[in-house]
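Residue numbers (the numbering used here), protein chains in the order written: chain A, 1 to 193; chain B, 1 to 193.
Source of the hints: derived by calculation from the structure; they are not laboratory data.
Quantities reported herein were computed from a predicted structural model and do not represent experimental measurements.
Incorrect hints may appear among the rest.
In silico BS3-like cross-links for lysine-lysine, where the CA-CA straight-line distance does not exceed 30 Å [claimed, not checked]:
(1) B:K15 <-> A:K111
(2) B:K102 <-> A:K111
(3) B:K81 <-> A:K10
(4) A:K95 <-> A:K164
(5) A:K81 <-> B:K15
(6) B:K15 <-> A:K95
(7) A:K5 <-> B:K81
(8) A:K116 <-> B:K10
(9) A:K103 <-> B:K10
(10) A:K95 <-> B:K111
(11) B:K10 <-> A:K102
(12) B:K103 <-> A:K103
(13) B:K81 <-> A:K102
(14) B:K103 <-> A:K111
2 protein chains.
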Amino acid sequence: MQLLKDRIRKDGVIKEGNVLKVDSFLNHQMDIELLNEIGREFRRRFTGKNITKIVTIEASGIGIACITAQYFGVPVVFAKKAQSINIDGEVYSSKIESFTHKKVYDVIVSKRFLNKDDHVLIIDDFLANGCALLGLLEIAESAGATVEGIGIVIEKGFQNGGEKIRSRGILLESLAIVDAMDAKQGTVTFRGE
Amino acid sequence: MQLLKDRIRKDGVIKEGNVLKVDSFLNHQMDIELLNEIGREFRRRFTGKNITKIVTIEASGIGIACITAQYFGVPVVFAKKAQSINIDGEVYSSKIESFTHKKVYDVIVSKRFLNKDDHVLIIDDFLANGCALLGLLEIAESAGATVEGIGIVIEKGFQNGGEKIRSRGILLESLAIVDAMDAKQGTVTFRGE
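Generate coordinates for the entire structure from the input sequences, incorporating the hints supplied.
Spelled out as structure tokens, the structure:
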């Protein structure tokens, strides 16, 4: 998605340790016009898929998922991190390791909101090692739901999350795949360039 | 907002301890059509206000804020809970006590995304004791931003958060104010009824 790649080059900040900060438009401050273009692009890439629900994980996936859901006409369910007293006992859960926050946490989805009749599109902002996605896939599998595909805004192509997912035969569409970053030069190389 | 009150009566679940669960349509599974009606209503209630940014707090405020932002044509900034290594040092912060999760945490907003030229509409799903809102107000004040108003989906009118906010002279619009709940009968009394 050229608009997204241009925006990453313009406003993304590259830091040592392969950190790509896009918090000025994607995951802290959110450019809602860009999110709408992203939603339209996901609709285009998953044309013909019968989606009944968009599933994401808190927090930074929620905005993208909600805007995208408008193009599919379906509700959003977001997986929650850790148990809240406002969640009933009956949940699907999975353990996820976050490298950003350096900890393991439980993610949960109420059994009331995901079942075997659901055809799910999973949406998230980033894909790196794939831990969060594997957790969401485990939850979808527990529910007996069909995963029709996964839509990612930015994939770090030099980490193995994409390979893990694609090797399972799951349709994974990433709108921008970063194959290399150079913090000193401040440059990004996208796949296919 | 009658559509919202009807939905709370239809799909809300009342539990002992004044717990109102609306996770089937607002803050776990999200009905995006309802969120759009909520966004339109906020636009109507803040007519004439010059808003430059919508500010909310993760996680459950994000979806409502993003959909609402489409009616104002502005970006969303969501305050993050706790420090992440992906956030730069320069942040505004405030401590918030969560009664739901029974702990105190820091919420932060990067100084790059809020400043004295901003006219802010704060959006959140619930208002009870007002701790989260007071934290966001403190952050907006630190930034020198003007708070044009606060839009809440459901206010628990029997708790004192609304009084705390309104007594400061801030324009607070809640789309449904619950004045009483009866867990045994499963009934809700809204303000003005």
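Item checked: Holds or violated: A:K95 to A:K164, with C-alpha atoms at most 30 Å apart -> 17 Å, holds
Next item on the list: Below or equal to 30 Å on CA atoms is what counts here, so check B:K103 against A:K103.
Entry: 18 Å, holds
Notebook entry, point to check: Quick one, are A:K116 and B:K10 close enough, alpha carbons at most 30 Å?
Noted result: 24 Å, holds
Next item on the list: For the pair supplied as a hint, B:K81 and A:K10, confirm whether the alpha-carbon distance does not exceed 30 Å.
Entry: Holds, at about 27 Å.
Note to self: So if I understand the rule, the pair passes when the alpha-carbon distance is 30 Å or less; does B:K81 with A:K102 pass?
What the structure shows: Satisfied, since the Cα-Cα distance of roughly 15 Å is no more than 30 Å.
Notebook entry, point to check: Has the given pair, B:K103 with A:K111, been kept, meaning a C-alpha gap of at most 30 Å?
Noted result: 26 Å, holds
Item checked: Restraint check for B:K15 with A:K111, where alpha carbons must lie at most 30 Å apart -> 18 Å, holds
Item checked: 30 Å limit on alpha-carbon distance, applied to hinted pair A:K95 and B:K111 -> 33 Å, violated
Notebook entry, point to check: Is A:K81 close enough to B:K15, meaning Cα to Cα at most 30 Å?
Noted result: 22 Å, holds
Notebook entry, point to check: Would the pair B:K10 and A:K102 pass a check requiring their Cα atoms to be no farther apart than 30 Å?
Noted result: 41 Å, violated
Check: Holds or violated: are the alpha carbons of A:K5 and B:K81 at most 30 Å from each other?
Finding: Satisfied, since the Cα-Cα distance of roughly 28 Å is no more than 30 Å.
Notebook entry, point to check: Given the proposed pairing of B:K15 with A:K95, does the C-alpha separation stay at or below 30 Å?
Noted result: It holds: about 28 Å lies between the C-alpha atoms, which stays within 30 Å.
The earlier numbered hints that this structure contradicts are 9, 10, 11.
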